[in-house]
Structure formats: structure tokens, C-alpha cells
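Asks: This is what each chain is made of:
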Amino acid sequence: MWIQKEIDLPAQRRGFHLITDRVLAELPELAQISVGMLNVFIKHTSASLSINEDADPTVRQDMESHFNKMVPENAPYYRHTYEGPDDMPAHLKASIIGSHLTIPVTDGRLNMGTWQGIYLCEHRDHASGRSLVLTLNGKV
Amino acid sequence: MWIQKEIDLPAQRRGFHLITDRVLAELPELAQISVGMLNVFIKHTSASLSINEDADPTVRQDMESHFNKMVPENAPYYRHTYEGPDDMPAHLKASIIGSHLTIPVTDGRLNMGTWQGIYLCEHRDHASGRSLVLTLNGKV
Amino acid sequence: MWIQKEIDLPAQRRGFHLITDRVLAELPELAQISVGMLNVFIKHTSASLSINEDADPTVRQDMESHFNKMVPENAPYYRHTYEGPDDMPAHLKASIIGSHLTIPVTDGRLNMGTWQGIYLCEHRDHASGRSLVLTLNGKV
Chain A
1259 MWIQKEIDLP AQRRGFHLIT DRVLAELPEL AQISVGMLNV FIKHTSASLS
1309 INEDADPTVR QDMESHFNKM VPENAPYYRH TYEGPDDMPA HLKASIIGSH
1359 LTIPVTDGRL NMGTWQGIYL CEHRDHASGR SLVLTLNGKV
Chain B
1259 MWIQKEIDLP AQRRGFHLIT DRVLAELPEL AQISVGMLNV FIKHTSASLS
1309 INEDADPTVR QDMESHFNKM VPENAPYYRH TYEGPDDMPA HLKASIIGSH
1359 LTIPVTDGRL NMGTWQGIYL CEHRDHASGR SLVLTLNGKV
Chain C
1259 MWIQKEIDLP AQRRGFHLIT DRVLAELPEL AQISVGMLNV FIKHTSASLS
1309 INEDADPTVR QDMESHFNKM VPENAPYYRH TYEGPDDMPA HLKASIIGSH
1359 LTIPVTDGRL NMGTWQGIYL CEHRDHASGR SLVLTLNGKV
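Those sequence lines, one after another, are chains A, B and C.
Going by my numbering, the first residue of the first sequence is number 1259, and it counts up by one from there.
Going by my numbering, the first residue of the second sequence is number 1259, and it counts up by one from there.
Going by my numbering, the first residue of the third sequence is number 1259, and it counts up by one from there.
Same shape as in the complex, but just chain A (with noise of 0.2 Å):
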């Protein structure tokens, strides 16, 4: 069994926002699947996809405040900068955080941890929407 949507997701502040509750409302069919695995995907190469805590709102700020730190704006050695200084940047932690996850599916929902919820990582301080393909393949 293969299902697939794209879907867009409005424009958000810079930062890490929690996108669980958007991914599984667009994924109804994941219920009928006993056994499976689950790939989101971003269209996208200023923004990033991660899965960590999604209790604690602290958490996402100071994942926002130690990627700037790790890769900073306007560094000496970027070349790429007419798009702006947050942009060069955002190419970076894309590319450190990733594009994709893929998650295993058991039962009919999503096998994370108790405390995992998945991130749409903004890097551009003023993007405009982002594009996700969840490609769901598994058995009934």
C-alpha cells in the first residue's frame, strides 16, 4: 500500500515549530496500516526537517539560539550573500539538520518515542510557506 500527498504549510516565524499534529490530520490512511514506514520530505534547501522533544517550548528556543551560534550570519568566508545574511546560513543548518525523516509505522500510528514530536526547522527570517511530500508505504 502506497499513499502520497503534498502539502503546504503556511509561513512561519525563524525557528522550530512542532508539525506532528499537522502531518497525522493530512495522513487518515495510516490507520489501516499494521506495519509500514512513513518518509516526510522538504522541498525545500532554507529549511529543515528533525525529530526531537516536543514538550518543553525551551527546547526549540535554544535550538534556535545554538544554531546561530554554530553557524553564524555574515561569517567572512561566505561568498553566497546576496539573498541576504540569514540566507547562506540557512543552506547550512539544512544540510546539518536534513531534509527527511523516515519513521516507522506499527498499528496504525507513527512508533515514536513518548516525547518525540517532528520539527519544520525555519531558517529564512522571512520565508514564505513550505511545500512537504509523505510518502506512506507499508501493509494492511
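No wet-lab data here; the hints were simulated from the structure.
Where a beta carbon is used, it is the ideal one built from N, C-alpha and C, also for glycine.
All the given hints hold, so there is nothing to weed out.
Distance condition first, Cα-Cα at most 30 Å in a straight line; then the derived DSSO-like pairs of lysine-lysine:
(1) K1263(C) to K1397(B)
(2) K1327(A) to K1301(B)
(3) K1397(A) to K1397(B)
(4) K1263(B) to K1397(C)
(5) K1263(A) to K1263(B)
(6) K1263(A) to K1301(A)
(7) K1301(C) to K1301(B)
These stretches of chain C come out as covered by chain B in the derived footprint (C-beta under 8 Å, 3 or more residues):
(8) 1331-1339
(9) 1353-1363
(10) 1381-1395
Partial chain C-side listing against chain B, Cβ under 10 Å, derived:
(11) E1264
(12) N1297
(13) T1303
(14) D1345
We have chain A already, so just place chains B and C on it with the hints.
Replies: Chains B and C alone, transformed into the frame defined by chain A:
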């Protein structure tokens, strides 16, 4: 053909640990798959999974040293501090390294390179055991 | 439907290289898949795979500059030094960027964004060629 297992790894000290043999021991069905993929997923937000050199243990020691430098404890901008100084760095390392692997299967075995092994990256000082979901999909 | 191929890329200089065209050239069967996933896996521990901007070459130059800063050569804490100053940083970059990609397939093509391309990230100064495993799974 779909095979899925959830396994519990014993508590390990902070650092990078080889778990290839343990994963393979859980999957005797691998021998029947001619072409496929194995997904390995960790159900935690303060440990991670990677593939890297499995021969010289100094590689794993240097991994621990470098990630501790790149993601320090007690950074002045951390707000998520009440679970201890190792907690927020652990979440950051999990998003940098990643929570899952997808490895090709060929002729009944994982088709990794000669020097590649699967790492459990334990980022907490006093972790409990860790749960993994192994999902194998392929054709006989 | 399962298709799997192992391909050898020629030696490339240290840096970030676009390989999208080469991967596609190896997979004429992609055109028959209506919905599926492509897994790309690199069988080495000192090179990595990423998806990022495929238009402006300065993005790839800045990637190389920044990863060299974030993961320096000759860090005083490295113990794994006998294969040269570029070796341990190469292993670290491989775990940060990752060894594999899983990309959705839709209507006979990779469903990536307009500006996305597949990068081979070569982290050694004098690498030999690199082997990739391409695993395509989907329905006709």
C-alpha cells in the same frame, strides 16, 4: 515482505558505541531478502544513530570530544537547563546527528562499506536503556 | 517494484559536488514508478550525501568553508591522527551531514524542489572514487 521489531538496548555510558552486531542478531530474516531497505529508528530525543568507522576506537573517542566542543554544556543562552547540563546538548546532538538510518539490503545482508558500522550515540551522562524500532522491507 | 544498483563515482577533489544528473542517468526505471522512494547510500565513512541548492556554485564553496571552520583539522583533542589531518574531520563531517538520502518519487521523477540537487560531499584531500547504492522502491 515486512519485518518489524522493537528492541531494548542496555544503558550505556555517554559516548559513541558500535551496535551493528546487536542489530544483525535481531534480524535473522535479513538472510531471506534479496533487495530491500532496513530502517533503524531511536525512540529518544537525547541519543542518536549514525554510521561511521567501526575499526579504530579512537574515532569514537574523537567523536565524543568534538561534539562536546561543538555543542558545549552550560552555554549562556540555554533556557532548558532543569534536567542538568548534559540535557540540552543531548537534544542538539540528536538533531545534528539524527534519529534514524535507512540502509540498503542486498543478497541477504546490509550493503554497507567495509569500514562502516552502526553507532548508538549516547548523549546523556546517566541514561537508561534505549529502544530502537527496526523495520525491514524487501523482496525475497 | 524494487530496483537496486551499485555505482562508482570517479575521484573528486575535496568539496561539495552535484551528482543529481549522474544518479538519474543510472535509473531509467524511475520513469515507470508512479509513487515510491529512492534511497541513496554512500559506502564510505569520510564522505557524505546531502540535498541542497543546485544553482549557485558559491553555496557549495561556502559549505566547504563553513564545515572546515566548524570541524577543524588538527584539533588538540583528536587521537585518530595517523591517516592525516583531514581524516578525523572527514569522519565527523560524515556523521553531521549523513550517509544516506531518501527522496520521494512521484509520476516517474524525483519529487524534489525546484532548487534542490543531490550533493556528494567529499571530505578527504586525496580520495579515490566513491561507491553508492541506489535502491528504488515503488509501484508502477
